[in-house]
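The chain contents come next:
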Amino acid sequence: MVNDLLTSPPGWMHAAIFFGLGACLLMIVLGFVTYAILAERKVLGFMQLRPGPNRVGGRFGLLQTVADVLKLLIKEDTIPKAADKPLFILAPVLAFAPAFMVLAAIPFSDHLKFSDLSIGLLYYIAISGITTVGILMAGWASNNKYSLLGGMRSAAQMISYEIPLVISVVGVIMFSGSLNLTEIVEGQKTVAYMFLSPLGFIVFLISSIAELNRTPFDLPEAESELVAGYHVEYSGFRWAFFMLTEYVYLFAMAALTTVLFLGGWNPVPFLGFIPGIIWFALKFSLIVFFMIWVRGTMPRLRADQLMEFAWKVLLPVALLNIFVSAVVKELFLR
Amino acid sequence: MPNEHDGTPPESNEPLSKEELKKRAAAEAKAKALELARQRALEKKEESEAAAGSSEPEDALAKEKALAAAKAKAVAAAKAKAAAAAKAKAAREGATAAAGSGDEKALAAAKAKAAAAAKAKAAAAAKAKAAREGATEAAGSGDEKALAAAKAKAAAAAKAKAAAAAKAKAAREGATDAAGSGDEKALAAAEAKAAAAAKAKAAAAAKAKAARAGESDPSDASDEKAKAIAAAKAKAAAAARAKAAASAKIAEKPAEEQKPSPLQPLLDKYKAIIQKELGEDALEDSYINLLSKDVPTLVAKPDTYYQIAQLLKHHEELRFDYLSELHATDFETHLEVYTHFYSYSHRCPAALKVKINREDPVIDSLAPLWSGADWPEREAYDLIGITFKGHPNLTRIMMPDDWVGHPLRKDYEPYDVEV
Amino acid sequence: MIRTEEMLLNVGPQHPSTHGVFRIVLKIDGETIIEANPVIGYLHRGTEKLAENLQYTQIIPYTDRMDYLAAMTNNYVICHAVETMMNIEIPERADYLRVLVMELGRVASHLVWFGTYLLDIGAMSPFLYAFREREAIIGFLNEISGARLTFNYMRIGGVKWDAPEGWIEKVRDFVPYMREQLAGYHDLVTGNEIFLNRVKGVGYYSKEEALDYSLSGANLRCTGIAWDLRKDEPYSLYDRFTFNVPAFDSGDAWARYQCRMAEIEESLKIIEQAVEQFPESGEVLAKVPKIIKPPKGEAFVRIESPRGEIGCYIASEGKKEPYRLKFRRPSFYNLQILPKLLVGENISNLITILGGIDIVLGEVDG
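Residue numbers (the UniProt record's numbering), protein chains in the order written: chain A, 1 to 334; chain B, 1 to 419; chain C, 1 to 366.
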């Protein structure tokens, strides 16, 4: 159905359908975010010998996040007197919108996708860069020294890590010969690219965690140093927007990793009877779990070490990966 | 450090030991029957009265002999409770010595004491019982019996406690070593008595250690020393001995003023250096602070305070590189700054005090010498109101900057705008 | 050239990583610290002034509030000072109980430090692991003293309560368990590359500087000076136990970390031996006068607290209240070196260095 819609000529009806679908996806994403937060808290709780949420919504705390969101909605919305008001209001929106926009390019299964961009990968990377502006804006507009430091760190970090992130997928692009995410998945019918380009996979995984500002790369909001970093002055739903951004990106990045390296909806050999969407969900959950796991284990890097790591370690390794991928392609895929 | 002086108690007692023993033996043979009764009394927890009553004849003898041990006992008699047990034990030891004759007596005494030392760790009832056994058995005759008694006692102690057993073993070794050679026995006895004197004032634990320490000396002298060391207890014993020696001295001090503190040489050294470098009258006073673990205390004059501090820090033989504590006190007649130093190069402590005029409380800062004096001096400035000349940043540290008054002054009245 | 401007950053008194109400005013250029001015006193409660109107036994609860993470050593230091002045003999059982609770307190204190330090550095899980073990220790101390933090357990001449039935056995069983957990911490943290990068070479000072700034405890031992008052000026029963004084000579936050972790092991050794030697019966409180009146004079004693050298000075007029009571508070002295260490570092290192010093603000402010 989606394929028909994507190929048929545009019209008002299309717009309405896409709007409906978009709204649907937003709901799905929000649902995911709700339970991703719960899952994170539960998994972390499990790793840290504590129960995690267990009161609201039964013994698994199923409604905990819902209650949290409701609380945030009715919280007083404060804007500091000395803040740059228009920017202060705009920043959360600017941070969140791209997070949702990138989802448009990601195929969840061979049928379930919202666009079929030939430059899907490039689109994702380009759009996700905008969030940095939102965060920098939040840091600046708050007129708070901690948020300013957080915003600056964030800008430096996201720009630095975007480079190894992009370069690490060059190998994948070479293998598949396309920037279209659907075609990249199609190219992994026999073997997932994480096996063909393990170096690229590792660099991508590390950079993606850094892009997501998650531990051990959570410097922009390092609570023990900068209190809360760029969103220190935000409260209520404006603050929730930042959290939402973070978790939507977690969703998007995990999906992108699945698509690029884990073979998307392609089944593991001999288990093809299980529907592709389930495979996608499984691989996707694995990545999300991994990120939570890392958060539960690692201490935080220092700002200068973070930069050093990006430029001195990840970038050369990513470049090496291009070379290795070319060799692999010449030797085995020809 | 106490270690340097641990040899002194045996030395001071050695020349007296033999004749002392004989006199004791004669005198205390009579006391033997009384002694056993006293043990039982001890058992019944009537310690203080029994001890006080029985100690008097002993004291008379002790005075005659002018022995440190006896004196300590006499002093201890005044101190009712803790001394009672120790004294009873010492007397008991004398009784056992009297029961036999000659060297054997001394040996028996040494053994009994060794056993007593082991027992000091055990419960009071157990101790009394074992001691009684020791007394009766030693009264019988011969080396073997006494040795067996000591062993039996040690075994009894071992039953009570693992640690006590270890100590009993050490003590037993000491006793057997003493049995090896003639003169050493007497020496052992003398030392054991010196240790007993120390016991009179020291804690129950310290008592045990002192006895053990006293007896480990002959064991060191003998060939079986190596065995004792191999038992891995020698180290602990040495440390205990050092402590016991120190505590023995502290204990004897009130009784015998001429006994110098183990840290007296240090004080003399400091004094000599300061007087040599800064003149005879640089120090206002200097003494050993007996209440404060014998720390050599120097009292500087306000105008020599900084120079003395400088000397303490930089002089090759002093080198107090560590300022452990600095604070001030309001003594109403004057203010006082107290500093405690430690020299990591020479491993010795010192305290420096200076009295400051209360009306014009100004003194040199030590912060240029020890960076660690910075905040304590600010604290003293804040809470007592002493101005430190040459301090890099003399501002209030605990109180807000606009606080009025210095709270730790004795005449401090809280200032309140609204009152 | 980019024109940069210095900025004043006020860290604290309410900040997640200042471990209480500590404030430090930073002058920063970008994230580089040019100047640091610590401001303390927010938790000053005037213990020393209050003590001048209290009897000695009444002061003990106040000491609990100084270093609230290792209140047992604080209890001990004042008792020890009075006992030294009055020459009181402590019953052996009481002394063993004191050693046991002090060493348990030391382990608990180091565990809090370990947890919060890692939390400062950004790892959350070790904190919760450390607190699990600490909880067990707090349970022991609660059982013996009736309080979880402010024990008020020791008295002049001994301790207030004897160990309850089965307590010693529980402590004995705790030692191997704690060793096992400690190995787990090392697996989780000690070899972690990020952690090593955060602490190695950070906050370095030399032996001479450490002495000059009157540092003590692990802050001194990290420069290679194996100085521990338990060993070098033995008090209580510490001369009866075999244990090492861990010292590392790199002088940085990494050495301080290693020191404290090794100290946990040494404390466990002491606990093990103390439990073994523990007398089966006996008094826990010496017969001391109802009203304690140390002789006229003054005394200064110092002992080894988890944070360093804690001392107590008493000037007595022979009355039932001290004329002047003064605590040498190790955190207060240890913190002095902070402004010096911070110059030229960045804000992340501020947290690492401050955490590495291991301060307790209750103690800093007295």
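In case anyone wonders, no lab produced these hints; they're calculated from the structure. Careful: at least some of the hints might be erroneous.
[Said to hold, decoys possible] Chain A is faced by these chain C residues, among others (derived, beta-carbon under 10 Å):
# : residue
1 : L9
2 : Q14
3 : I28
4 : G30
5 : E31
6 : Q55
7 : N192
8 : T352
Backbone N, C-alpha and C fix where the C-beta goes; we use that ideal spot for every residue, glycine too.
### Which numbered hints fail
6
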